[in-house]
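Residue numbers (the UniProt record's numbering), protein chains in the order written: chain B, 1 to 377; chain L, 1 to 377; chain E, 1 to 377; chain P, 1 to 377.
There may be inaccurate statements among the hints.
Identical chains blur together in the list; that is why a pair holds if it fits in one copy or across any two.
Computed list of lysine-lysine pairs in DSSO-like fashion (alpha-carbon distance at most 30 Å, straight line) [unchecked claim]:
1. LYS272 <-> LYS135
2. LYS210 <-> LYS5
3. LYS368 <-> LYS210
4. LYS171 <-> LYS272
Derived by calculation from the structure, the hints in this document are not laboratory data.
4 protein chains.
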Amino acid sequence: MVGYKFMGKAHSHAYKDVGMFFELDADVSMQAICGRDKDGVQAAAEKFGWSSYETDWQRLINRDDIDLIDVNAPSNAHKEIVLGAVKAGKHVFCEKPLALTLADAREMLQAAEQSGVKHAICFNYRFLPAVQLAKQILTDGQIGDIHHYRATYLQDWLADPDFPLAWRLNKEVAGSGSHGDLNAHCIDLARFLIGDFERVVGHSKTFVHKRPIPASSQGLTAVASDETGDVTVDDATSFLAEFKNGAMGTFEATRFAYGRKNYQTFEIYGSKGALRFNLERLNELEVYFKDDPPHLQGYRTILVTEGVHPYTANWWPPGHTIGYEHAFIHLVYEYIQSIVNGSDFAPNFYDGVQCQQVLEAVDQSIEKGAWVRVEEV
Amino acid sequence: MVGYKFMGKAHSHAYKDVGMFFELDADVSMQAICGRDKDGVQAAAEKFGWSSYETDWQRLINRDDIDLIDVNAPSNAHKEIVLGAVKAGKHVFCEKPLALTLADAREMLQAAEQSGVKHAICFNYRFLPAVQLAKQILTDGQIGDIHHYRATYLQDWLADPDFPLAWRLNKEVAGSGSHGDLNAHCIDLARFLIGDFERVVGHSKTFVHKRPIPASSQGLTAVASDETGDVTVDDATSFLAEFKNGAMGTFEATRFAYGRKNYQTFEIYGSKGALRFNLERLNELEVYFKDDPPHLQGYRTILVTEGVHPYTANWWPPGHTIGYEHAFIHLVYEYIQSIVNGSDFAPNFYDGVQCQQVLEAVDQSIEKGAWVRVEEV
Amino acid sequence: MVGYKFMGKAHSHAYKDVGMFFELDADVSMQAICGRDKDGVQAAAEKFGWSSYETDWQRLINRDDIDLIDVNAPSNAHKEIVLGAVKAGKHVFCEKPLALTLADAREMLQAAEQSGVKHAICFNYRFLPAVQLAKQILTDGQIGDIHHYRATYLQDWLADPDFPLAWRLNKEVAGSGSHGDLNAHCIDLARFLIGDFERVVGHSKTFVHKRPIPASSQGLTAVASDETGDVTVDDATSFLAEFKNGAMGTFEATRFAYGRKNYQTFEIYGSKGALRFNLERLNELEVYFKDDPPHLQGYRTILVTEGVHPYTANWWPPGHTIGYEHAFIHLVYEYIQSIVNGSDFAPNFYDGVQCQQVLEAVDQSIEKGAWVRVEEV
Amino acid sequence: MVGYKFMGKAHSHAYKDVGMFFELDADVSMQAICGRDKDGVQAAAEKFGWSSYETDWQRLINRDDIDLIDVNAPSNAHKEIVLGAVKAGKHVFCEKPLALTLADAREMLQAAEQSGVKHAICFNYRFLPAVQLAKQILTDGQIGDIHHYRATYLQDWLADPDFPLAWRLNKEVAGSGSHGDLNAHCIDLARFLIGDFERVVGHSKTFVHKRPIPASSQGLTAVASDETGDVTVDDATSFLAEFKNGAMGTFEATRFAYGRKNYQTFEIYGSKGALRFNLERLNELEVYFKDDPPHLQGYRTILVTEGVHPYTANWWPPGHTIGYEHAFIHLVYEYIQSIVNGSDFAPNFYDGVQCQQVLEAVDQSIEKGAWVRVEEV
């Protein structure tokens, strides 16, 4: 693994716990974790349960005792590491976004496909039981033809203008702001659930242009200093979409929505029913079926913790809910199984590229002030 | 009153009940109701409590015993009747939309202003206690500067493709579909709550192009026949907006959202808090304040039925909720008081024109595939 | 009508509006309202729309132009007026509680039955569309055999110890506190929905024993004075129940539950499903069916405003909600129809007696500290 | 650890993960797991991450390399193992119920106190962030004096009469049914949050008396056979309570509430506000404060995932929710720290005894049909 911060912890935890709850066809051994700061990565190795550590990712990807490289370093480092790992013949699991630009993402996909390794991208939310159940209901045709798709991903950690200038607010490191961080997830779920995008038109804002520079780099909880620096990414980006299947879509990502903490939602309205999901209540899925008896129609709140629901039989009895981190475990389970069994795995770099293409189409539409066809990006 | 269908009933009920619950500075007398079908209007007069009826609106507006004309005939008849009533020196209360085009609406506003009558438009939802409370909280500065405004108005009565071709689906009579019917309300509430629009870009669809022609004209519950006719209005229209104050907005209106019956919502996110309202739970308002103690922050669900809330002291004890029709009573109360006391009344024809301007800007943006400045329409 | 306060207003409104929304087989004429205070009752007559007024109920009940007497005077006056009205051969609609004691209630029932008039008691909540729908679902057998019934009726207007000593806190006038006022409604709904009580055991408290005497009698919003007086009724009463059908029940009534304004709820669990209702969201009913496909089971929130739902076709389109007062209109509609058509009407005095019997059984169980069989009271 | 089923897995997971997310003052080593079935326990050791296994608990508790014994064998085995472990000088962490009878529980408490080991009982729900926050709000006096406490613990896995006769339905193994399993948790939380019980009166039912005997013992999902056996425990038990502080309480436990999966709730109403918690939405806490401005009072839904909330800074960013299993990790963290640092730990065997006393008081009240003072049990 390359990277050992927030995402490094979440990924490490998945490798650590997956074998306890799932029957894997492989033995998983957490061989080595890699980071530039020796003290930091050594501490992380111990804390997270890795057998060894490296400070040079080039050394890591060339180790013979490693089959799979997990890349969750900052976004601007993804490309180089991924290309190296692929060249070294390792399977690669990369955090999103795949790269900072669509061109880079395409290059990485091509490299991975040519080398024949099993590539994956961390669109973890696909693997929540409620999202899997939504997919199943859609696949079963119970929602019918899709008319409307509405996604939001609302957070509030930047609404305070004194919140410091974190790395995520620097375009060179992060690539973009709420758009790449939050809309990326929404775009991937939309593609997963109802299919590809035809065209988009967007709107973007940076509400607070200068923020205090953190005294020391401690991530989101950094102490503010007297100096300020420029915010170079968007605080919020919303867009309208038309899907290839004719559905209308609206998407909104912001870090300025007070009271919304990790409020990723989707609503899907079709010719036979409707679905609604909210990440802040991730064990639940709301569904509506027009074929219920007329006097008994209403949104059902399904508590997605039954033995018959996806993945849940591996956890606890009904009603004993799971949390954010479990989606990583499910993803890692499926990914490892696909490596061992030679089956297809998605989401992979192809999905990363497709997502990037929509993101860039939105950016272009904002520049032009007009709709942009996704295929033309 | 001109008109005696759904809206005629709602307005009649307001005149009938307002004096029982509010202290008016005038005696309200329900003098006459007017409609072209003699049997229909006679029955309505009796049922709704009007002292007489007319079959010719010209006669009605020239009766000496009438001070106020309420116009809720089909949308394409508004202009002529309103201009006539204004010319006859009557106060005029007109259903929305004011007219089928912006030009017509402007003409009506000008005529009303020149004649000096008190004019009003039926944006009834402004007068719900929860909406009034939202306005008060915003005016008190408790939400701060506005960053995001999100509105939806979702219904599902057209999702069934066999639903017949009602008059609301005929562009010549109704003017437009979900856009003029539903977005109009959302636009007015947005203007009322946070201010005017700068620019918009929209998206529109008609999902079902042909529908059975009703055997007889019985409104929404008409029996379908074998013949079909063309739907000439939009089934759904969504748009992005930028407000003059810099806020970002998203708006969605549809009649194809299964399970949403009268789901008009707004969410407002500002620099100090947030608000959320849902018309299907019209006695409630959700609020979030960032100045609450950090460990105690959360959305409050206010049951807007206390004596301290707007209008509610005139009704029942706390927790004894009110319904859809009460907003009309509040509106009528305020309007009559403004006539008697010579005070300003809003929403009036000016608000009708402003709303129409935004609606048309959206229509133009859809044609162009690009953003349109509202002022330039 | 005898009485012209809160309930007088609610009942008057029902008579005033019922003909506008329902097809009655009788002409309803609001002939006279009666109260001891001449100015007060005269004002009420005018405000509420009564043609005349009386200050002596004896005169009222003997007027030839009156067929139906509505009694909503304070509880301790019910018996005398009702017996008089019945003797005069008038149909009688009485507010709950029927009387202050079970013995009195039985005497009133007997008198009414002997005279052959149509008698009714104002358990208005039976007539909410959501409650009627619950009844229909139960009758259709979709919940199966009942295992659990849970009712609460929570308010908070006494939680403030400075709230003045209203007439409802005086045992001689009101009969009892939260028990007779709130549990009475819960008991009636339980009987209506799942049947009669076998035995009960209760618990009761008065949390605040002395309260300021109001400066003037202005009902619940009275201004407090310096003097205090004794609270002689219960602030809260809860009880366990066993029903004749074997179901277990829990009931709780209180005026000390902060944040609950008119929170009357019932939950019913049976061998095939479950139901939940909350008066603060009176347009909704939650249902669960165990025969839904296993992966799709969940509580449905039905918005009870469709044309297929009880009474709602008489009101507005789907999603256009109704309020507290509408239940009275539905009750009055059914009651008048039953008078005209000679059909049975419930709830009537028999239901009032049955309810009183359960209330008294609970009181006896509190005295004894042990279970009491309802039949033995 | 003794035991390796559902609870064995949950406890094992806690030991495995605690060091990754919390800073412990001790190194935790998972030395050995014990069970009678050699194959079963060996597989569990491997799966859960234990270094060795034993098939004889006597051997386990006498191993020198072990300081702490975790007992989650079936309830009827608790006493013997705990007494042995205590005698061997081991710290003991025991699943609830401590024992099958109050007398046994008292004996175990006495033995543990005399030996001086650190004893703990697994009332895990105390350690949820939302429950800890509730405790903090109560301790801060923000709810005031308590008037009402309402607890429910509703499940539905027995509502199907064909569900097989699991060990939990056998009084000799499980001690009791819903009462000991579910009410035990509610009683402990009530004691933790608002204090001790004064007196109780209960009601209990077994709705289904005979169930199919499982073909093989596979826990809750066992396949049914043709033979049936007797259910010897309660399906549902509810009771009224009076607390020492004067508060009124209602408690309900059932396994027959369709649609409720793990619906443990508490509602607390005091002189200054109210609290509500629901285990099915365990990341949330609802609060109401009467000192909020009158027009802004309402229940707040706090998403208990902020850095300022109990334990949550050790997990993920705000809005990234946790699940059922996390409470065990928090408990194990606190327990291990208390062992290392010599601080007090609760809940311990004293709390186990107190809980057992209330459970037995309820049982006695059911036999008597009358209230029972808890102290007199």
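Comparing the hints with the structure gives:
no. : hint              : in the structure
1   : LYS272 <-> LYS135 : both (15 Å within a copy, 28 Å between copies)
2   : LYS210 <-> LYS5   : within (25 Å within a copy, 55 Å between copies)
3   : LYS368 <-> LYS210 : within (26 Å within a copy, 36 Å between copies)
4   : LYS171 <-> LYS272 : between (43 Å within a copy, 27 Å between copies)
Violated hints for the displayed structure: none, as all numbered hints are satisfied.
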